Amino acid sequence: MLTSVFGAEPVTGEEHGLTSAAVPVLQVFGLTISNSMIITWIVTLLLILFVRLATSKMSLVPGKLQNFLEMIVEGLYEFFKGILGERVVRSTFWFFSAIFLFILSTNWFSLLPGVGSMGWGHTTESGHFMVDIPWLRGGNADLNMTCAMAMLFFLFWTIWAFKFNGVKGVAKELFGVKSDGITGPLLAFLAVIFFLVGFLEIISICFRPISLMFRLYGNIYAGEVMMETMMEMGPITGILASLPVYFLETLVGFVQAMVFALLTAVFTATMCSTSESEGTAH
Amino acid sequence: MITALLAELTGSFHVALAALGSAIGIGLVGKGASESVGRNPGAFGKVMVMAILAIAFAESIVFFALFLVK
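From first to last, the protein sequence lines are chains B and U.
Per the numbering used here, the very first residue in the first sequence carries number -10; after that it's consecutive.
Per the numbering used here, the very first residue in the second sequence carries number 60; after that it's consecutive.
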């Protein structure tokens, strides 16, 4: 039975299921638009609409929508202030909150019914309609999206590192000896070690965007594949089996958004916030 | 004899080993987090944030093995 439904040659030549790369949907002026790009546009529009509606008539005693937005913004601001410190969070809060809200909204929006199941396709012999090119696809199940966010973080991290520390400060953070009160030959010995460790640190810093990118992509893509596999088990058992996975994906979407924002904030904090009176080691 | 048997094995060993190591790592993080919250229930918020961070770090290794190896 399975071969009669899925035996019709799939368009992509791979196995039936979610392809690991996003599928192009339209061609506009030579630019290829894929289905995960469309969903990110929809999510962005919804976010902008929500914020605009909530701040259209601001009053001192807020209405429900404004109250909700204030709760979100203030909660995030306090959360990041605890990590970054007052000075850094003023000029960097926009990035972390935008990353968190965008990834969260994209993940949760991609769970709505219709994503991945509406699109262009063909009818197989047994009368089923098989979707070959879905119009919408999970926004973060596309490596381009997560790569863009990770590279943007790397760019802004570099800018903020130089802005908050200066060129000499950055060199001191990476290569300098991070202990005080040690003089003499021990200091020279430690200086050599810290200098060499600085190069290792640079390698690990350059690896961070890659790990951020693959973490988010892997979690969301694996979740979608898991849901799809569960649903193929049959009409009744498929639904029963994929319901827990659906709620797991809701949790995973939230946790991955929080982890991305938290990790970027912690990376920024280790570089930029140690010049304050925090007193945290390195 | 044993090498002939071993040579017949195919599949994604790298993914399996990465998943094994990652699962054990996440379990260790969970153990540490549960113990510390049990000792000091007031620190639940901070411990949870740090535990989620460590779990995300440990989990991402699996994705490297899954997607970066041909």
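No lab work stands behind these hints: they were computed from the structure.
Watch out, some of these pointers could steer you wrong.
Computed list of chain U residues with no C-beta within reach of chain B, every gap over 10 Å [unchecked claim]:
id, residue
1, A82
2, G101
3, V108
4, S119
Straight line, CA to CA, 20 Å or less: simulated SDA-like cross-link-like pairs of lysine to any residue [said to hold, decoys possible]:
id, chain 1, residue 1, chain 2, residue 2
5, B, K70, U, K129
6, U, K105, B, I72
7, U, K129, B, L132
8, U, K90, U, T62
9, B, K161, B, L132
Counterexamples of contact, computed for chain U against chain B with all Cβ distances above 10 Å [said to hold, decoys possible]:
id, residue
10, A66
11, L68
12, T69
13, G70
14, S71
15, F72
16, H73
17, G80
18, I85
19, G89
20, S93
21, N99
22, P100
23, V106
24, A115
25, E118
Quick caveat, the model's predicted, so the values are computed rather than measured.
Heads up, the beta-carbon is just placed ideally off N, CA and C, and yes, glycines get one too.
Hint check results:
1. Remark: the non-interface label on A82/U is consistent with the geometry, its nearest Cβ contact in chain B lying 14 Å away (cut-off 10 Å).
2. Here G101/U stays apart from chain B, with its beta-carbon at least about 16 Å from theirs, past the 10 Å limit.
3. Chain B draws V108/U into its interface by the beta-carbon criterion, the shortest separation being 7 Å against a cut-off of 10 Å.
4. The beta carbon of S119/U sits about 4 Å from the closest Cβ of chain B, which is not more than 10 Å, so the claim that it is off the interface is violated.
5. The suggested pairing of K70/B with K129/U is violated, with an alpha-carbon distance near 42 Å, which exceeds 20 Å.
6. With a C-alpha separation of about 11 Å, the suggested pairing of K105/U with I72/B holds against the 20 Å cut-off.
7. Distance check on the hinted pair: K129/U and L132/B sit about 16 Å apart at the alpha-carbon level, within 20 Å; holds.
8. Of the pairs offered as hints, the one joining K90/U and T62/U is violated, with about 39 Å between alpha carbons and a cut-off of 20 Å exceeded.
9. A threshold of 20 Å between alpha carbons decides the hint, and for K161/B with L132/B the separation of about 35 Å lies outside it, so the pair is violated.
10. Non-interface status of A66/U relative to chain B is upheld: no Cβ of that chain comes within 10 Å, the nearest being about 27 Å off.
11. L68/U, annotated as away from the interface, keeps every beta carbon of chain B farther than 10 Å; the closest lies near 23 Å.
12. The beta carbon of T69/U sits about 18 Å from the closest Cβ of chain B, which is more than 10 Å, so the claim that it is off the interface holds.
13. Its beta-carbon lying about 16 Å from the closest one in chain B, G70/U satisfies the requirement of being farther than 10 Å from that chain.
14. Non-interface status of S71/U relative to chain B is upheld: no Cβ of that chain comes within 10 Å, the nearest being about 14 Å off.
15. Against the 10 Å criterion, F72/U stays outside the reach of chain B, whose nearest CB is about 18 Å from its own CB.
16. Annotated as non-interface, H73/U keeps its C-beta farther than 10 Å from every C-beta of chain B; the closest such distance is 14 Å.
17. Every CB of chain B is more than 10 Å from the CB of G80/U (nearest about 15 Å), matching its label as outside the interface.
18. Annotated as non-interface, I85/U keeps its C-beta farther than 10 Å from every C-beta of chain B; the closest such distance is 12 Å.
19. Look at G89/U: its CB is around 14 Å from the nearest CB on chain B, clear of 10 Å, so calling it non-interface holds up.
20. Here S93/U stays apart from chain B, with its beta-carbon at least about 18 Å from theirs, past the 10 Å limit.
21. Taking the minimum C-beta to C-beta distance to chain B, about 18 Å, the non-interface status of N99/U holds against the 10 Å cut.
22. The claim that P100/U is not at the interface with chain B holds, since no C-beta of that chain comes within 10 Å of its own (minimum 20 Å).
23. For V106/U, the requirement that its beta carbon stay farther than 10 Å from each beta carbon of chain B is met, with the minimum near 14 Å.
24. The beta carbon of A115/U is not kept farther than 10 Å from every beta carbon of chain B, the shortest such distance being approximately 4 Å.
25. At roughly 7 Å from the closest C-beta of chain B, the C-beta of E118/U falls inside 10 Å, breaking its exclusion from the interface.
In summary, the structure is inconsistent with hints 3, 4, 5, 8, 9, 24, 25 from the numbered list given earlier, while agreeing with the others.
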